[in-house]
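**Q** So the chains spell out like this:
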Amino acid sequence: MRMEKARTKHKIGMPPGSLVYTGRSRSDRPVITLFEYGPEGYSERKMADIGECAREAKADGVRWINIDGLNDTSLLERIGREFGIHPLVIEDVLNTSQRPKTEHHESHIFIVLRMIYPSKDGGEVESEQVSIILGEGYILSFQERRGDVFDPIRDRIRTGKGRVRSLGSDYLAYCLMDSIVDSYFLVIENLGEKVESIEDEVIERPERGTVQAIHELKRQLITMRRSTWPLRESVSSLYRESSGMVKDETKLYFRDLYDHTIQVIDSIESHRDITSSMLDIYLSSVSNRMNEVMKVLTIIATIFIPLTFIAGIYGMNFDPDYSPFNMPELRWYFGYPLALTLMAAIPLVMLIYFRKRKWI
Amino acid sequence: MRMEKARTKHKIGMPPGSLVYTGRSRSDRPVITLFEYGPEGYSERKMADIGECAREAKADGVRWINIDGLNDTSLLERIGREFGIHPLVIEDVLNTSQRPKTEHHESHIFIVLRMIYPSKDGGEVESEQVSIILGEGYILSFQERRGDVFDPIRDRIRTGKGRVRSLGSDYLAYCLMDSIVDSYFLVIENLGEKVESIEDEVIERPERGTVQAIHELKRQLITMRRSTWPLRESVSSLYRESSGMVKDETKLYFRDLYDHTIQVIDSIESHRDITSSMLDIYLSSVSNRMNEVMKVLTIIATIFIPLTFIAGIYGMNFDPDYSPFNMPELRWYFGYPLALTLMAAIPLVMLIYFRKRKWI
Amino acid sequence: MRMEKARTKHKIGMPPGSLVYTGRSRSDRPVITLFEYGPEGYSERKMADIGECAREAKADGVRWINIDGLNDTSLLERIGREFGIHPLVIEDVLNTSQRPKTEHHESHIFIVLRMIYPSKDGGEVESEQVSIILGEGYILSFQERRGDVFDPIRDRIRTGKGRVRSLGSDYLAYCLMDSIVDSYFLVIENLGEKVESIEDEVIERPERGTVQAIHELKRQLITMRRSTWPLRESVSSLYRESSGMVKDETKLYFRDLYDHTIQVIDSIESHRDITSSMLDIYLSSVSNRMNEVMKVLTIIATIFIPLTFIAGIYGMNFDPDYSPFNMPELRWYFGYPLALTLMAAIPLVMLIYFRKRKWI
Amino acid sequence: MRMEKARTKHKIGMPPGSLVYTGRSRSDRPVITLFEYGPEGYSERKMADIGECAREAKADGVRWINIDGLNDTSLLERIGREFGIHPLVIEDVLNTSQRPKTEHHESHIFIVLRMIYPSKDGGEVESEQVSIILGEGYILSFQERRGDVFDPIRDRIRTGKGRVRSLGSDYLAYCLMDSIVDSYFLVIENLGEKVESIEDEVIERPERGTVQAIHELKRQLITMRRSTWPLRESVSSLYRESSGMVKDETKLYFRDLYDHTIQVIDSIESHRDITSSMLDIYLSSVSNRMNEVMKVLTIIATIFIPLTFIAGIYGMNFDPDYSPFNMPELRWYFGYPLALTLMAAIPLVMLIYFRKRKWI
Amino acid sequence: MRMEKARTKHKIGMPPGSLVYTGRSRSDRPVITLFEYGPEGYSERKMADIGECAREAKADGVRWINIDGLNDTSLLERIGREFGIHPLVIEDVLNTSQRPKTEHHESHIFIVLRMIYPSKDGGEVESEQVSIILGEGYILSFQERRGDVFDPIRDRIRTGKGRVRSLGSDYLAYCLMDSIVDSYFLVIENLGEKVESIEDEVIERPERGTVQAIHELKRQLITMRRSTWPLRESVSSLYRESSGMVKDETKLYFRDLYDHTIQVIDSIESHRDITSSMLDIYLSSVSNRMNEVMKVLTIIATIFIPLTFIAGIYGMNFDPDYSPFNMPELRWYFGYPLALTLMAAIPLVMLIYFRKRKWI
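Here the protein sequences come in this chain order: D, W, H, P and B. Numbering-wise (this note's numbering), the first sequence opens with residue 9 and increments by one. Numbering-wise (this note's numbering), the second sequence opens with residue 9 and increments by one. Numbering-wise (this note's numbering), the third sequence opens with residue 9 and increments by one. Numbering-wise (this note's numbering), the fourth sequence opens with residue 9 and increments by one. Numbering-wise (this note's numbering), the fifth sequence opens with residue 9 and increments by one.
Just so you know, the hints here were simulated from the structure itself, not pulled from any lab data. Incorrect hints may appear among the rest.
It does not matter which identical chain is meant; a pair holds if it fits inside one copy or across any two.
Listed below are the simulated SDA-like cross-link pairs for lysine to any residue, each with C-alpha atoms no more than 25 Å apart in a straight line [claimed, not checked]:
id, residue 1, residue 2
1, 259, 69
2, 366, 346
3, 54, 39
4, 109, 31
5, 109, 249
6, 303, 80
7, 366, 249
8, 202, 288
9, 169, 85
10, 202, 96
11, 366, 298
12, 366, 218
13, 259, 23
14, 169, 26
15, 202, 280
16, 54, 263
17, 259, 26
18, 54, 89
19, 259, 47
20, 54, 352
21, 255, 26
22, 255, 174
As the structure is a computational prediction, the values presented were derived from the model and not from experiment.
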């Protein structure tokens, strides 16, 4: 979730279009999968190199080339050359700290999104850049790591369920983006549950850790926001575009996707509002608790301090033998009972006073 | 009020347009009511299936088909086919966590609203999605549960009161939307009373529960906001639309509805401002109370601690028999009275000091 | 100041255009005043019914019909019919919780404003809806109560002072609106004085009531804001309108009015900023005071607690007769003076320590 | 700095265009200065009345008529008549609580600015309205008081330095506005120094007065904001205007002025951000200090209270003669040393505990 | 980082276009470097005066004239004259407190940026103004100090790496701006690390200095914001410009640069959000700590104060010889053990009470 760290020192001063992969998953070899489908059927292949894809004749159907793993920059360079993609676009595919965006080029549309999923150890949400290049009759999709988020779409292509096989590459682009936005709902649902559980905690038993949990939540919402706000513009530019790359029929779907994106943003903003409010409750609850502690101390102290003083008086050693004024009460017949009575009276008066002040 | 929970896991990866009902009211069988009316008269029927509606010839009047209960997805699919409605629209009708919106399709306008009403147990406000499809000569309205919010409109159609029977389906759409926005005023009135009662509480006798009440209020206002802000755009798109589906005469009514929506939003924003301010008062009131408690403790302690010390002095056992310096005052004739006088003087000095400092 | 309460339950479900007066001043009978004037002269009449006005031939001059009191809905219905005003407009005149707005109709412009004046008992500001219908050659103005805010304009018409008699009904509309906006300055001036007095209070002698005064101020500013922000748009739509109802010459005046409105809004925003800042000062001042109280307690307690302990030591009853180790100092020749010296030394050390820490 | 006070009661109800001076400098008689210049030379005159100016033939050069002091309303009325200026403009010149604005009239442009300068006694900033009327070949400038802010421009005209004599009246208007905006930098510099000194104070030795200083700063920044934000729009309307009153060559200068205005606004916003942050530091510093005081009290109290209790035990008077259980330790050989040892052990344990908790 | 200080008193009142250098690096003599390059080769020269540059014939290639050091105003005046640059532009080059901006002039585009780098002593970030004038076939770049930020570009020209030698002056302008924006990432990375380290500090061991560190961070983010927000508009005006000065091919690069700028702004805003949240954590952590201290005090005090009182009772000197009521328990056989038992019971009761309240 540290996007700002990706673009590091070794890139500064390099000529633009220099292909340097800035992500973290460096070990995996890239895996290329080619799906070719049309209304009549489909074929599916794992491939060694991109060259084979480009060599194939342009079918009537759709070719979907998915690349998992970005650490082979020369492969990406070749892809760029074969499909006529500008080096700056390839640079953006490699530079995995992009904001979501949609760029309309002459022969293709370049879409960057961020996939968000809760990390396995239950901690922070993690994000990964997914790049999609939508061309006439083909889709290139790039992921940093092998994920399974696109598996349901693969299944749909295989089984021919839904309309995916009868529509073009623009519809496939929509499907890919929709499955990513769908995954946001999962993360938001998780966050929503966290918000509620922290809310209960903050109201019923606020602890030291609560404020850190709230802060953690805030951070995650900030990250979510960063990934989703630009997405809105990115999607809306797809359903409003006029180059003909996206067909009118598919635009309806992009508008639907836009609605989902707005819904995601809406939820994030609501969670932010509630989270801000929670910190106020936490602080007021800490203050209240302090108040309560202080009250107990004050009640105990104000009751016993005067009593102790009276006991102190009669513990003085003025000598009654030397003067009739020197503590004659020490030798009175009812001296001690009177002193005890006085001592009993003081807390009574105090308690009545406290009750009147509504402290106890 | 947990909109974000509706779109759940089982939907992810499904092809778009998959009809899955995401709401909670699963038990009721859908109820279809058909109203057919025109300037001359009206007919009203409960129906078993939608097929009958569609089979009827297009009358000169207006057909209003109201569906209560959304758990029969196949029924909705049939409705969609019969009336030529895009599967994505039917999907949105079923997916009951939509934001309010207005979509202009070729043969109809699709409107999503949220009805808000205070829950019966006096707790949170609840919301329910109402979808309206406005076509030439017909209205389809979808509710999750059987409600009575549309009953006054039914009465007006039955009795022919007002202009509803002499105007078209666009005016009926306005009536439905107006009755929903009207219900917002009720909820806002309730909230307004709550705001005032909490305001009084916060000023006169703030308690631990007050801050939770404020938080609860904030949450409800956040939910209200989420339902009403997009409504504004949705209504304004109706009175500015140019396809002819909404007649010029009816646009006046939609502008009026727009004014009401703005009024609702305005009230919500005012309540939000006041609610934010209330938390500040609460905190300052807690601080003030703490201050008061501290002052009592300080006054009692600073008066009695020196006194107790003096009593402690004369409680020491230095033996006057061994030295003339060893506490000769214990044997003075006026020793004890002098000690008491000293003890009486100290609180006087203290009280004068406190008064000068304006503490008491 | 409870705008949100006006539109109540009994209206929900009624057909739009139903005329129900929602304000509070129900007892007064409406009073109709007709002013007819032109460059040559003027006539002034109190009238029993509106019919008379409408029956009169259209003079070359301007007719100003002012209605004080809105509880006779049938009268307003008749006015609507006679002047060809849409029932929705008449409904808005009666519904006295409108936001300020300007509606451009075919034959007239409908303007809603809110008059604001300090309530007589010095408490909250009060607001009242004033509706103005500007038609070709006539002005209809509606007030809830008989007020005197328009008296100076009446005087100007009577005496022919200024340009009012030589200009048309649009200029009269401007005069009415200007006199209402002028009254805002009065209220703002009052608020400004309150802001300053609370500011002084908060800095010099903050009390419990101060925070409530700040809250009260905030509420009033929120109300003011609600009345003035929409006014801005309303006035600007008048000086930018192009139907010819407002003459170019008069537009200059409306622009001037617009400037005044902006000035009012500006002042309100400044007051809001300062009011927000005041609460911070209040809180910091409460904290400071607490700090001071705590310091006194701490100084007294830390000085006397060790002293009392020493006195306690020598108040122990270990018997020097049984052992040479048992408190031999009790029988030393300089025992008591030494103890007193020790006791005098401790506060000195403490005070030096406190001074070093800058506490006293 | 109390703009809101200017438009007072005696103006309400007056016909618009009524000339009433609302400023404070009432004693000075207005001073009229006429500068006439062109590329070849210049003449400079103090004048008794405006009539003389208007009578002069229109030269090829520029006439700059500067009026210091606004309390002679009849003079201003005459100026308005002679130069064909609308009474509303003259009213705005006199009403010295205008927001900065630019009004484009047919024969002239009317510009209102506020000059800001630190008051002589080092307290609040003060502001004064300067009005400029830019016509073909002439400039009218109005100041409330005789100031010296325009002196450098006068010098430039006299000496012919710079391009002022070779360019038209629009360039002179620019010079006047530029000198006013320049004076803002001075005030901002002062404020910047204040910000820094309060920042140091708040971090190193926050006092009671600090929070008032911060509040004072905030107030001044609010006033500055009010004078500068509208200025931005006002200046930008000059460099974008298309009537030909401002020549293309001069527009470059106005764009430069616009940049300066943005710079001023930028600085104000930065100062506001920093000032807000300072209050947070102040509050946290007050809290910290309280914490420290509390710690000392707690340490002293928790060490000595148990000790005093032990001393109290052995100060009890149970009589060892009556029972072997009655305080036999009072007669032990090492009773007193043992008690002292116990008393020495307790603070040691306490101090270790406090150290472990990182309190000391 | 004190931009507001640059435009100082001695400039006020000067004619516009007066060339005064307002920066701080006054000692260095300006260094002029001329790079001349084209697809075929390049030449590089240090020059004494600008005259030589202008005298050279317009080659087919690109001339890049870099000026380090701005304190020779007459040199800049000559440059302005030679290249036909408006004096106001030269003034802006010298006035080193400009906001980033792009000005489109007839024969050239004037770009102002701010370079940001962490100061050498690890303290605040520092900023320096860099001005670029992009003309047909030439670039003028002005720096306050000799820096090495452009060195990689020089290397690329020398070695012919990348496309720099085959593209025009607009591409060179892009390279210069890109290298500056790249340097922002460095500073943001530093800030990001600081944010994280303060975050850890605030959660684990908040100290007095923490709040100052947060404030320092805020200040730096405010400065960063001021430099980057206007940059966004400045860059976007370059890729949207239509004069032909920037070729279509290069616009792609400027769009890429725009994306980077947005990314920088995004990071700054995220850091701001997190920084704001951190202060809340700090304050709540201070409150928590206070609470803890108070609890210890309260527990110790409430346990021992009653005990001390009981010890005080039996330290009274009522004389049992004078009355059977006078403290007979002092002579009971089990008097002392009973008293000790009572004293042991009280803390037990207290501890059970505290445990029930969840205090310990």
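**Q** All the hints need checking, so say for each whether the structure fits it.
**A** Hints, one by one, checked against the model:
no.	hint	in the structure
1	259 to 69	within (20 Å within a copy, 34 Å between copies)
2	366 to 346	neither (31 Å within a copy, 36 Å between copies)
3	54 to 39	within (7 Å within a copy, 52 Å between copies)
4	109 to 31	within (18 Å within a copy, 33 Å between copies)
5	109 to 249	both (14 Å within a copy, 21 Å between copies)
6	303 to 80	neither (68 Å within a copy, 61 Å between copies)
7	366 to 249	neither (68 Å within a copy, 62 Å between copies)
8	202 to 288	both (17 Å within a copy, 20 Å between copies)
9	169 to 85	between (35 Å within a copy, 17 Å between copies)
10	202 to 96	neither (40 Å within a copy, 31 Å between copies)
11	366 to 298	both (17 Å within a copy, 13 Å between copies)
12	366 to 218	between (30 Å within a copy, 17 Å between copies)
13	259 to 23	between (38 Å within a copy, 16 Å between copies)
14	169 to 26	between (42 Å within a copy, 11 Å between copies)
15	202 to 280	both (12 Å within a copy, 24 Å between copies)
16	54 to 263	neither (33 Å within a copy, 35 Å between copies)
17	259 to 26	between (35 Å within a copy, 17 Å between copies)
18	54 to 89	within (21 Å within a copy, 40 Å between copies)
19	259 to 47	within (20 Å within a copy, 40 Å between copies)
20	54 to 352	neither (92 Å within a copy, 81 Å between copies)
21	255 to 26	between (34 Å within a copy, 21 Å between copies)
22	255 to 174	within (13 Å within a copy, 39 Å between copies)
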